[in-house]
Amino acid sequence: MSTDFTLERNSAGRWCLSLGGQASEPVQAVRSFPLSAPDEAIGLVGDDGHERLHIPHLNTLSAAQREAVTAALAERDFCPRISRIRSVSTFATPSTWVVDTDRGTTELVLKGEEDIRRLRERSRLLITSAHGVVFEIPDSAALDRASRKLLERFL
Amino acid sequence: MDRPTSIFADAELPLAQLSLDINADGRFAAGELQLHTRHWRWRAGPESDWAAIERQSTHRLKERDHGGVATLDLMDGDTLLQRWHCTLAQHTELRALLRVFEHGHAQSDDDLPDPEVETPPSTWVLLRLWRFACPYRWQLLLGFVLTLASTAATLVPPYLTIPLMDDVLIPFQNGQAIDPVLVGWLLGGLLGAGLLAWGLGWARTWLLALVSERIAADLRTSAFEHLLGLSLDYFGAKRTGDLMARIGSETDRLSVFLSLHALDFATDVLMLGMTSVILFSINPWLALVTLLPLPFIAWMIHLVRDRLRTGFEKVDRVWGDVTSVLADTIPGIRVVKAFAQERREAQRFKTANQHNLEVNDRINKTWSLFTPTVTLLTDIGLLVVWGFGIWQVSQGDITVGVLTAFIAYIGRFYGRLDSMSRIVSVTQKAAAGAKRIFDILDHQSSVPEPADPLPMPPVTGALRLDRVGFRYGSRSVIRDLSLDIRPGEMIGLVGHSGSGKSTLVNLLCRFYDVSEGRILADGVDLRQVRVADYRQHIGLVLQEPFLFFGSVADNIAYGRPGATREQIVAAARAAHAHDFILRLPHGYDSLVGERGQGLSGGERQRISIARALLIDPKILILDEATSAVDTETEKEIQKALDNLVQGRTTIAIAHRLSTLRKADRLVVMDRGEIVEVGPHDELMAREGHYWRLYQAQLRHEKELQEAA
Numbered sequence: 170m171s172t173d174f175t176l177e178r179n180s181a182g183r184w185c186l187s188l189g190g191q192a193s194e195p196v197q198a199v200r201s202f203p204l205s206a207p208d209e210a211i212g213l214v215g216d217d218g219h220e221r222l223h224i225p226h227l228n229t230l231s232a233a234q235r236e237a238v239t240a241a242l243a244e245r246d247f248c249p250r251i252s253r254i255r256s257v258s259t260f261a262t263p264s265t266w267v268v269d270t271d272r273g274t275t276e277l278v279l280k281g282e283e284d285i286r287r288l289r290e291r292s293r294l295l296i297t298s299a300h301g302v303v304f305e306i307p308d309s310a311a312l313d314r315a316s317r318k319l320l321e322r323f324l
Numbered sequence: 005m006d007r008p009t010s011i012f013a014d015a016e017l018p019l020a021q022l023s024l025d026i027n028a029d030g031r032f033a034a035g036e037l038q039l040h041t042r043h044w045r046w047r048a049g050p051e052s053d054w055a056a057i058e059r060q061s062t063h064r065l066k067e068r069d070h071g072g073v074a075t076l077d078l079m080d081g082d083t084l085l086q087r088w089h090c091t092l093a094q095h096t097e098l099r100a101l102l103r104v105f106e107h108g109h110a111q112s113d114d115d116l117p118d119p120e121v122e123t124p125p126s127t128w129v130l131l132r133l134w135r136f137a138c139p140y141r142w143q144l145l146l147g148f149v150l151t152l153a154s155t156a157a158t159l160v161p162p163y164l165t166i167p168l169m170d171d172v173l174i175p176f177q178n179g180q181a182i183d184p185v186l187v188g189w190l191l192g193g194l195l196g197a198g199l200l201a202w203g204l205g206w207a208r209t210w211l212l213a214l215v216s217e218r219i220a221a222d223l224r225t226s227a228f229e230h231l232l233g234l235s236l237d238y239f240g241a242k243r244t245g246d247l248m249a250r251i252g253s254e255t256d257r258l259s260v261f262l263s264l265h266a267l268d269f270a271t272d273v274l275m276l277g278m279t280s281v282i283l284f285s286i287n288p289w290l291a292l293v294t295l296l297p298l299p300f301i302a303w304m305i306h307l308v309r310d311r312l313r314t315g316f317e318k319v320d321r322v323w324g325d326v327t328s329v330l331a332d333t334i335p336g337i338r339v340v341k342a343f344a345q346e347r348r349e350a351q352r353f354k355t356a357n358q359h360n361l362e363v364n365d366r367i368n369k370t371w372s373l374f375t376p377t378v379t380l381l382t383d384i385g386l387l388v389v390w391g392f393g394i395w396q397v398s399q400g401d402i403t404v405g406v407l408t409a410f411i412a413y414i415g416r417f418y419g420r421l422d423s424m425s426r427i428v429s430v431t432q433k434a435a436a437g438a439k440r441i442f443d444i445l446d447h448q449s450s451v452p453e454p455a456d457p458l459p460m461p462p463v464t465g466a467l468r469l470d471r472v473g474f475r476y477g478s479r480s481v482i483r484d485l486s487l488d489i490r491p492g493e494m495i496g497l498v499g500h501s502g503s504g505k506s507t508l509v510n511l512l513c514r515f516y517d518v519s520e521g522r523i524l525a526d527g528v529d530l531r532q533v534r535v536a537d538y539r540q541h542i543g544l545v546l547q548e549p550f551l552f553f554g555s556v557a558d559n560i561a562y563g564r565p566g567a568t569r570e571q572i573v574a575a576a577r578a579a580h581a582h583d584f585i586l587r588l589p590h591g592y593d594s595l596v597g598e599r600g601q602g603l604s605g606g607e608r609q610r611i612s613i614a615r616a617l618l619i620d621p622k623i624l625i626l627d628e629a630t631s632a633v634d635t636e637t638e639k640e641i642q643k644a645l646d647n648l649v650q651g652r653t654t655i656a657i658a659h660r661l662s663t664l665r666k667a668d669r670l671v672v673m674d675r676g677e678i679v680e681v682g683p684h685d686e687l688m689a690r691e692g693h694y695w696r697l698y699q700a701q702l703r704h705e706k707e708l709q710e711a712a
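For the protein sequence lines, the chains are U and C, in the order given.
In our numbering, each residue's number is its place in the first sequence (first place is 1) plus 169.
In our numbering, each residue's number is its place in the second sequence (first place is 1) plus 4.
Worth double-checking, as some hints may not be accurate.
Stated by the list, open to error - Label pairs and their in silico Cβ distance ranges:
#1 ARG287/U <-> GLU229/C: 23 to 31 Å
#2 ARG253/U <-> GLY193/C: 35 to 43 Å
#3 GLN532/C <-> ARG245/U: 54 to 62 Å
Calculated from the structure, these hints are not laboratory results.
All of these numbers come straight from a predicted model, not from anything done at the bench.
Don't be surprised by glycine CBs; every beta carbon is placed ideally from N, CA and C.
Given only the sequences and the hints, what does the whole structure look like? Please build it.
Have a look at this one:
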């Protein structure tokens with residue numbers, strides 16, 4: 170199923186959706202299942218919060234559409250992947266961690282153990298920092314020994 | 005009042021009887037009341053004369069109870085003929101009497117059991133644990149053998165002190181050289197015994213800890229599974245914290261008891277047995293003197309301990325006071341702050357804490373005396389052994405080595421007496437814990453599964469209530485209620501609070517079983533099909549939607565765990581929840597529930613509507629689904645509900661009558677009975693109950709508007 174729509178960036182830098190020849194309107198691309206099924210059920214949501222277009226799966230789109238939607242999604246997504254935990258300030262929370270991510274080395278503040286969320290795959294972890302940035306550890310078992318030892322103290 | 009003694013000539017058995025344990029003056033007595041075929045017969049006490057009244061068809065019985073005392077009035081029209089009293093301890097007899105009087109027979113399909121009377125738990129309850137221990141009997145046997153072996157190993161070293169003294173040290177003092185080979189053998193033996201005891205001890209502790217942990221885990225799982233199967237009235241009568249404690253910490257305490265206390269005790273008893281055998285084989289006389297003080301010491305320790313125990317129980321109770329202040333204040337913190345009562349709550353806590361301190365001070369005085377007392381008693385016991393031993397050595401009956409061995413054996417034994425004396429109270433506590441768990445396991449669901457369930461026919465949503473009655477305890481909540489609900493019809497239940505609406509809904513969900521009459525779903529009595537078979541056709545939306553800790557998607561798919569993502573999204577969209585879910589940081593993967601994302605009441609409600617939509621139920625029950633939210637949100641929810649109601653039998657309770665305008669029929673209830681049935685317009689035209697309710701609500705809304 171390929172829907173008739175175009176998604177383009179307007180001059181103000183916003184993504185605009187025009188549906189079946191209608192006037193275009195600024196939208197945001199939102200994943201319904203960002204963790205369990207990132208490519209399924211993507212919504213293009215208008216400024217009023219109502220969904221304008223629902224995309225059941227990215228692969229139902231034409232190549233151009235998919236590219237635009239993926240770019241629009243990428244703009245919103247910010248989820249650094251942690252590849253190494255260099256150090257933690259303390260084993261009691263709040264604790265400041267120095268981590269290597271795929272977006273560079275940074276510091277994050279862990280407010281409490283409950284901010285570490287285990288996903289259905291037990292080794293996949295999401296860590297929400299005190300400032301609301303979500304870090305991902307795709308596979309905690311694949312981390313190096315020192316990082317795992319540090320992480321273990323918080324699980 | 006006539007007394008036709010002649011009719012008692014035949015020894016007629018009464019149809020029913022009641023012990024009148026309170027007399028007309030309100031004093032305790034031992035009166036009796038009998039209902040015979042043709043007359044009533046009663047007396048105030050065993051020595052009083054019988055009185056009688058002939059039964060008439062115009063007689064009525066009126067029963068009421070207050071403060072645990074039931075009053076029974078025999079009426080003839082409006083005249084009171086006789087009044088009797090009894091306490092509610094006679095509840096069963098009273099019910100039977102009333103049934104016989106009204107129906108002519110005592111048969112009833114739901115005899116209410118007497119309220120549970122708590123009895124102190126007997127230690128034998130612990131034997132019932134065997135059911136859970138049975139699967140591990142071989143491990144337990146192995147554990148026992150290991151215990152035996154490791155205890156035996158610990159008894160070797162003291163025995164080796166005999167040759168060490170008599171063959172090495174004493175000859176050396178007498179001028180002989182030490183034989184290094186012999187010493188090597190003896191020391192090697194000591195080391196070997198030590199190593200053996202260490203290995204065996206480790207194996208047995210590990211094995212038995214493993215087994216007891218598994219027994220407790222099995223017990224916990226089956227208790228929880230059984231608990232989930234119990235009907236709602238059980239949960240209504242118990243505190244959540246209490247049930248949590250029973251399944252959580254009580255099972256854990258049992259596990260500790262089995263792996264630690266029971267094991268230690270068994271080891272100690274074994275050690276006592278083996279030690280006595282060894283001691284008697286070495287020297288019976290000294291053994292007798294050594295073991296003689298033992299029972300005395302044990303008894304005295306037990307005495308002190310008993311005194312301590314009552315003290316500790318008091319500490320427990322006071323500790324309960326302290327925590328209850330916390331349990332009161334923390335959930336109600338908004339009220340405390342709103343009324344600026346922080347200081348008062350702090351004071352309340354301080355007072356409880358102060359009391360706790362005082363009680364602890366008192367018990368500590370005794371407690372601190374305990375260990376020195378045990379030591380003193382042990383020392384005295386040792387003194388006796390020394391004294392008698394020295395005398396025997398002087399007589400040449402025993403050697404110095406034998407005496408040292410005795411001292412070594414008994415010293416290690418006296419030390420264990422303290423922990424042995426603890427076994428009584430520990431066992432009692434464990435038995436109490438076991439009883440509390442078995443209480444759950446023994447409780448039968450009041451909504452029993454049928455022994456021979458019928459298959460559920462294709463459900464269309466047709467419901468029929470046939471002369472339904474429901475009693476809660478002795479209180480009649482629903483009386484003689486009949487109603488036919490067509491498939492796809494929407495019924496609005498209306499009435500004051502306490503009129504029985506929610507009870508009716510609970511009966512329709514089969515959370516409770518009817519006391520009288522029956523409920524038919526598509527022609528089948530609900531009690532004849534499996535509970536789960538029926539309930540999977542019911543969608544329930546409650547006033548306070550409950551979200552489990554987990555993702556939004558999990559919560560929507562709660563009733564249908566296999567649902568695809570498309571189905572979940574479709575249900576959420578129909579429930580007008582999709583848009584706000586997309587605004588959550590992780591969309592459908594966001595965590596909600598107790599520790600999750602904060603959602604507003606309306607949002608939670610729409611998630612619970614999506615949950616009900618996803619299972620596509622034939623029967624839908626809305627219990628005050630919109631009353632906890634503001635008017636604006638209500639509109640949003642109402643739109644969601646309109647989607648939900650399509651093509652389903654719907655039973656809706658709503659406080660705001662305006663939300664029931666769409667209902668095909670409104671059922672107006674009052675004190676457990678239906679007083680009016682019909683569509684809105686018809687009931688308004690009738691100007692009856694419904695009209696009055698409606699007017700009252702209009703007035704109320706107007707007042708609110710004027711006030712605003």
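#### Entry: Hint numbers contradicted by this structure
Those not satisfied come down to hint 2.
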